[in-house]
Amino acid sequence: MLFYAVNRLALAIAIVVVVIAVLFCMVYVIPGDPVRIALGPLATPEMVASFRAKMGLDQPLLVQFTRFFASVLKGDLGTDILSNRGVATSVFEQMPYTLTLIVSSMLWAVAIGIPLGCYAAIHRGSLFDRIIGVLSVAVIAIPSFVIAVYALLIFAVHLGWFPAIGAGRPGAPFNQLHHLVLPSLAVGLGWVGYLARVVRASMLEVMGENYIRTARAFGLPRRTIVYRYALPIAVLPTITLLGVGIGHMLSGAVFAEIVFARPGVGKLVYDAINARNYPLVSGTVLITTAFYVLATLIADLFVAGLDPRVRANLR
Amino acid sequence: MSKQSGLTRRQTLAIGAAGFAALVSPRIVFAQNATILRARSYGDIQVLDPAYRKAAPEDDIMRSIFNGLVRRKSADSWEWELDAAESIEQIDGKTIAFKLKPGIKFSGDFGEMTAEDVKFSYERIADPAKESPYKDDWAVLDRVEVKDTLSGVIHLKEPFAPLWTSTLPTGSGLIVSKKAVEAAGGKFETSVPAWSGRYMIKEWSPKQRTVLVRNPDWQGDKSDFDEIHILPIEDEKTAELGFEAGDIDFTWVSVSSIPRYLKEPPKGGKFVRKPSLAYVWLGMNVESEPFKNPSVRRAVQHAIDAAAVVDAAYFGAAEPSTGIVAPGLVGHRDKVLYPYDPDKAKALLKEAGVESGFSCTLDILNKAERASAAQAIQAQLAEVGITVTIQQHDSGTFWSIGDEKAGEKWKTIQLLLNRFSMQPDPSWATAWFTPDQIGVWNWERWNSAEFGELHKQGLVELEPDKRDEIYKRMQDLMEESGAYVFLTHEAVGVAYRDNVTPGLQPNGTPNFVDFKKA
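Protein chains in written order, with the numbering used here: chain A, 1 to 315; chain B, 316 to 833.
What the hints contain is simulated information worked out from the structure, not anything from laboratory work. Treat the hints with care, as some may be off.
Keeping only pairs whose Cα atoms sit at most 35 Å apart, straight-line, the calculated DSBU-like set for lysine-lysine is [claimed, not checked]:
id : chain 1 : residue 1 : chain 2 : residue 2
1  : A       : Lys54     : B       : Lys537
2  : A       : Lys74     : B       : Lys388
3  : B       : Lys537    : B       : Lys416
4  : B       : Lys585    : B       : Lys369
5  : A       : Lys54     : B       : Lys720
6  : B       : Lys552    : B       : Lys494
7  : B       : Lys462    : A       : Lys54
8  : B       : Lys585    : B       : Lys502
9  : B       : Lys494    : B       : Lys414
10 : B       : Lys517    : A       : Lys54
11 : A       : Lys54     : B       : Lys414
12 : B       : Lys771    : A       : Lys54
13 : B       : Lys661    : B       : Lys724
14 : B       : Lys607    : B       : Lys771
15 : B       : Lys585    : B       : Lys414
16 : B       : Lys416    : B       : Lys445
17 : A       : Lys54     : B       : Lys472
18 : A       : Lys54     : B       : Lys589
19 : B       : Lys369    : A       : Lys74
20 : B       : Lys607    : B       : Lys585
21 : B       : Lys420    : B       : Lys388
22 : B       : Lys720    : A       : Lys74
23 : B       : Lys369    : A       : Lys54
24 : B       : Lys434    : A       : Lys54
25 : B       : Lys665    : B       : Lys589
26 : B       : Lys607    : B       : Lys589
27 : B       : Lys445    : A       : Lys74
28 : B       : Lys787    : A       : Lys54
29 : B       : Lys724    : A       : Lys54
30 : A       : Lys54     : B       : Lys726
Since we're looking at a predicted model, the values are computed, not measured.
Could you put the whole structure together from the sequences, leaning on the hints where they help?
Have a look at this one:
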């Protein structure tokens, strides 16, 4: 198990390095001059040259890349070329908003998707099972930004139940929670359907196992069989799925943050790419990639810890 | 019944409903608080130092927390009024005497605003060593002479007409505390070392909001709102929905929404359309084939029906333009020289030897109205045999395509659809088309020495009638070159809550300090 954990950690670090290297090159090959954007139309050629030298943008790409990684190893993610603030400061200011959005979206998915999937499996072939099947596919198929726009129009503009924009007043948790409902629904709704499908399939598989048949033969109540013996095994695949899902939810968060005018890392990196704010793009992607890799690593280790079959395969 | 909680199903539902109501209710209470103005801004703040400001959202806030000698009036015409100055007078073309109002205090221990602060504020922008992007606003500044604590004289090297329109009433005319800025190291970003205006910054949550509260030390007329919450919302459509949902009290709307709101104002609000200073044009690179040929350029001018293009792009919200200087400003022209005439266009193409037509590219920014205008242009040019391929770019790419120092793309530009915004002085419109701007912002690469000279003359000419002639002639030159088809000045749509009376400059720019409770 320890070897497995160390192995996965080394792989995670390698993934982060590769992602950053690829992104670094991609950002630099797209057209657009960050210095011109940062200084505006009134900047003189001398000011442009001076700023370019100050930011190290006059150096070859390889030098810039090496410098960036050397700084990262020292814990310095660089300086935002537009606001002159530390990149780490900007990213960690926005990170809580995105994390809150992702976690609350997952809560929607877990709280609704798992019970629905479980119920559909137990009542396999019933009308309810069929309705859930259709609805699950429907919400998976609808892009999260479409859900976001319709949720906003219906629940914020028409009904006025929830706010349309922003993340709520700082220091007012109920107000912030109120602002979180629609964006998290938009990001998490697709995952409700996805989890429902996965849990249903997993439950059906588990319910066909020998030990479940044995439990039935011993006359255990159905509720005990389902909730005590079948469900804990059936939900294991969803843990890995949620680990991977964080990456998808980060993408969904970009749309939700734009549509609902919420602060967050997605909006931050979107604006930074448009402004060719290279240090901010690199720093943000480094942190989000590390976060994503860490989440999948934790999910894998969690499943390995919980499932003796996975542990057995590791030996 | 649930044994664990001891609650009946009905009680559980009641608690759930109460929780839901609790979530909804804080918003209603907040919205009813009439002393808070919630205004949308199109971007977040990055720099609040007047010498290094980056964009209009910062100007809007700086006008609330700092003072200039004069400020722009909230009115329908471009006028200024006294702000920190008790009096200000242009003695001659190169000399302006001023006297500050006594008792204007900077926050902290930085004391009363003095003429020394005025000198520091203006000379630091003019000083090339300080590398202020706005140094051209004070390029003709010789020095500010301090007469006594409150009085001084601004000495210019030569007369400067935009002083009263686009220098003194703008961010470049704002006064900062010399002691405070020096203590902060000579410049600052978002941590303002001292303010003097009607409001001060209470809180800045990046990408979320900036909260202004009344400055208790402000001795002048008080503004109506206790707090102003400025929310950075880039997307105009999101802002419109936020307004309709009751989350904001003031916003600019997208140009495409103007006709809809003119017919029916947004729920709970009022709507007004304002003229814009921006100018949109179709440009032709005079160094690229086949636009090297003046007849081809003239043919394109005659092939474009600007009214139809503007209708297609702005749905009737904007009017066609006659130049780059907007109505209401010195130098505005009444008509174009080469109007829509497709037959003449065909004849000119024949004369140029390309009667069978040709293919070319049109570079545009990826905005909806720009794409619609480009498609209309594409259709109109197809009528005379010109096949246009539209190339859309994101903002980071588009704003560097004509820059010689940003790559090779400038060499391949043929047609381009562009839009610049400006201050209310015609020199701001003409500055980008001079010979020294070729390869910088003059992407058509049109080279007219006469235009460059007239631009210099326009800056120093103080007589309005003569300036009017100069700028009209300059636009004539642009059009005669064939490199430009003037399309529109666009329009600005402003939505505001019906319990608010906004303080707006002629183009809809908000003066937050002038907003009133209706």
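| Unmet hints by their number, sorted upward, for this structure | Per hint list: 1, 2, 6, 7, 8, 11, 15, 18, 20, 25, 26, 28 violated.
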